[in-house]
Amino acid sequence: MHSILKTSLAALVTAGVVASSAAADGHGLSGELNISSDMSNPAPRAVMEGLAADFDALHPNLTVNLTIVDREAWKTQIRNSLGANPPDVVNWYAANRMRPFVDAGLFADISDLWAEPEFEALASTKGAMTLDGAQWGVPYTYYQWGVYYRKDIFAEYGLSEPTNWEEEKANCQTLLDNGIKCYTIGTKFLWTAGGWFDYINSRTNGYDFHVALARGEIEWTDPRVAQTFANWRELIDMGAFIDDHQTYSWQEALPFMVNGEAASYLMGNFSVAAFRDGGLTDDQLDFYQFPVINPDVDYAEDAPTDTFHIASGAQNMDAAKEFLRFVTSADVQTEINSGSGLGQLPVNANSSIDDDKFLQEGFEMLSNNAGGGIMQFFDRDFDAEMASVGMEGLQEFMVFPDNLDDILARLEETRQRIYN
Amino acid sequence: MFPTPLAKTSRSWQISYQVLLPIMLIIWLLPLIAVANFSIKPESDFVNGNYWGIPSSFEAFNNYGKVFFESNMPRYLWNSLFITIPTVIGAVALSCMAGFALGVYKFKGNLMIFFIFIAGNFVPFQILMVPVRDLTVSMNLYDTKTGLVLFHIAFQTGFCTLFMRNFIRALPFPLIEAARVEGIAEWKIFLYVVLPLMKPALAALAVLIFTFIWNDYFWAVVLTQGPDAQPVTAGITEFNSQFRAAYHLMSAGSIVAALPPVAMFFLMQKHFIAGLTLGAVK
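Line order of the protein sequences matches chains V and B.
Under this note's numbering, the residue at position 222 of the first sequence is numbered 228, and the numbers go up by one with no gaps.
Under this note's numbering, the residue at position 132 of the second sequence is numbered 971, and the numbers go up by one with no gaps.
Hints in this document: simulated from the structure, not taken from any laboratory.
All clues stand as given, with none of them false.
Capping the alpha-carbon separation at 30 angstroms, the derived lysine-lysine pairs in DSS-like fashion look like this: (1) K1038(B) to K947(B); (2) K1038(B) to K945(B); (3) K984(B) to K81(V); (4) K175(V) to K157(V); (5) K1027(B) to K945(B); (6) K905(B) to K81(V).
A few chain B positions that, by computed beta-carbon distances, are all more than 12 angstroms from chain V: (7) V943; (8) L967; (9) R1019; (10) M1103.
Which chain V residues face chain B? A few, computed with CB under 8 angstroms, are given here: (11) N47; (12) V75; (13) D76; (14) R77; (15) A79; (16) Q257; (17) L260; (18) P261; (19) V264; (20) N265; (21) F276; (22) A280; (23) D283; (24) G284; (25) G285.
The beta carbon of each residue, even a glycine, is placed where N, CA and C say it ideally should be.
Please construct the entire structure, taking both the sequences and the accompanying hints into account.
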C-alpha cells in the first residue's frame, strides 16, 4: 500500500511537470516522429495517411514518417518492431491485449496524458486502457455490438424489441413456432460464440464479475459461471440457433438472416454494411441492446477499441504525446470515424457522429446506457491462450451442451496453468 | 502392365467410359469452376447465399476492373515477375555449370557432392522456415524481393543440378573428347559444345521452375509482407478486409494470378512434359 501511494504520488508529480512542459513547447516540436500503423485496409489506410499528413502540416519543424503494416502481419510483427529500434507511436488494441507489452516494459506509461482535463471526454474507455493502475494508450475508434434483427419479420408476428430475458425467449418461441430460427451465427472461427458468452455472462453476473473472470481471478467451475451457461442453454435447448453453425464463418451465416430463415444476429456494427449489400433496407433491419437477464446488474457492452500507444523506447516523446492528444481531440475523432473514413464510433464524447441510425443508436447506447462498463470482446479481454481454449469450449458447448462439465473442467485446468 | 486399350474393350464399357469421363472431369474441376463463377458475381450474392447458382448480375468487368485498377494487384504481378524471372535465370545458370562439373569431370568427392545435392531435396522445406527467416532478417533482406530471389535460387539449385547433371551424363561423351583433342578450352567446350545440346533440358527446366516459383505461397508469406515485395500469390489476401472477405474479388484475383503459369503451360506444353520425365530414366 505504501509503495502504491508513493508511485502514484510520483506519477502525479511527473504528470504535472510533463503536462506543463508539454504545453509550453507544444508548438515547438521538431525532429522526426515515426509511426507504425496497422490500418492497412483501403479506407482506414487513407484515414491514417490523412492523420499523419495533417499532423505533419501542423508542425512545420517536425517530419512525420508513417509505416503501414498489414493488419494481420502486425499482430506478430509488433514484437520485433517494439523490441529493437522502435518507432515512436504504434497501433494496437485495448485491454488485456496490451498485457504482454506492458509487462515487458515496451509501452510507455502515459497516465500523465490521461490526467489532463481534455481526456475526461474519453472516460468510457479509460478502464479498458488501464492496467496495473496506469494508462498505456489512447483509443481512436470503437464500434458497438448488439442484436441486429429483421424488423419486418418481427412486425409480421407482432413482436417488439425485448428488454428482458423472458421477452427475449417469448419472442424466440413465437419465431420458432413459425419455422424461423431466432439467431443466425457462424462459429467456425469460434469468436462469434465469444460474443454470446460476453453478453450472457455480463448480464447474468455483471461487468465486474466478467472482468474478474477474464483476469483469471475466478474459477470456471464457479456456480455463477454455471448459471451463465444455464441461461445460454435455455436458448440452445429451444433450438434458437441455426443448425450446423460450426461449419459457417460469420459471413456465411449472413444469408440465413438476409433470406428470412433466421430473424436476428448478435454481431458488431460492421455487419450493417454486409446486410445492406445483401439488399436489406433500413426498414427491414434494426438494432436492439442485448436484453437484461439479471435486473440487479447494469448493462455492460462489447465495444472493441482500437488504440495508439507510445513505445517506451520512443526517440521523440514530446511529439508522440502531442500526436496522441491530436488523435483523441473531438474534431479529429469526428472526422476519422465519419462514413467516408472508418464508419465507426468516435470515443470522444464531444465528437459528433454520422447521420446513420445504427451509429447514432450505438453512440447513444455506449455513451449513456452502458453503466456497467465497456468490454473489449472475449479474445481481447481474456489472456490470449485462455481465449483460444475458451472459445473452443464455447463452440463445443453450443453444439454439445451436455459436455458442459467436461468443458468447464478443461477451462479451469487451463486457467490454473496460465494464471498461476 | 498397361491397361487394355479402350478400342479393344466391350461396347458397353466404351459407352459407360464416355459417359463417366465428362462427369468425372466436372467433379474434378468443380473448385475451379466455382472460382470462375465467383469471379463474375456481385458481392450481394455472397450475402444472399447464392454461392453455386447463376450470378444475379454479370459483374465480370466490374470485378476484374477493380482487381486491375483499384487494388495493388498490378504491383503484386510485377513483383511476381521480378521474383520469378531472376530466380529462373539464376537457378538454371548455376545448375548448368554445377551439372557440367559433376557430369563431366572425375574428381574426388564428385559423387559425394552429387549426393549432397540430392539429399537437399529430401529436406522438407518447412523446417527451414525459422532459420531462413532469421537469416534474411539479419542480412537485411527481410521483406525484399532480393531476399526471396536469393533464397529461391539457393533452394531450387539442388533439384536443378540433379536434373542437369543426369542430362549431361546422358550426352555422348566422345563429343567432349573430340573437342579436347582439338585443344579447345574447357569453358569453351561448355559454352559451344555442351550448352547447345542442353537446349531441351534448359527449356524444360525453365518452364518447371517458373511454375514452381510463381505458385510459391509459403516463402512469400514467410519472407515478405506488404505490396513492396510480396508476389501475387500472397497479395491476394489483400482482398480480406478487416471484417469481411471479398470472395468475388479474391476469385477474380486468383484467376488473374493463375493465368501466367497456365499460359506458360499451354505455350510450352512439349517442354513441360519433357521436364517431368527427363532424367527419370538415365
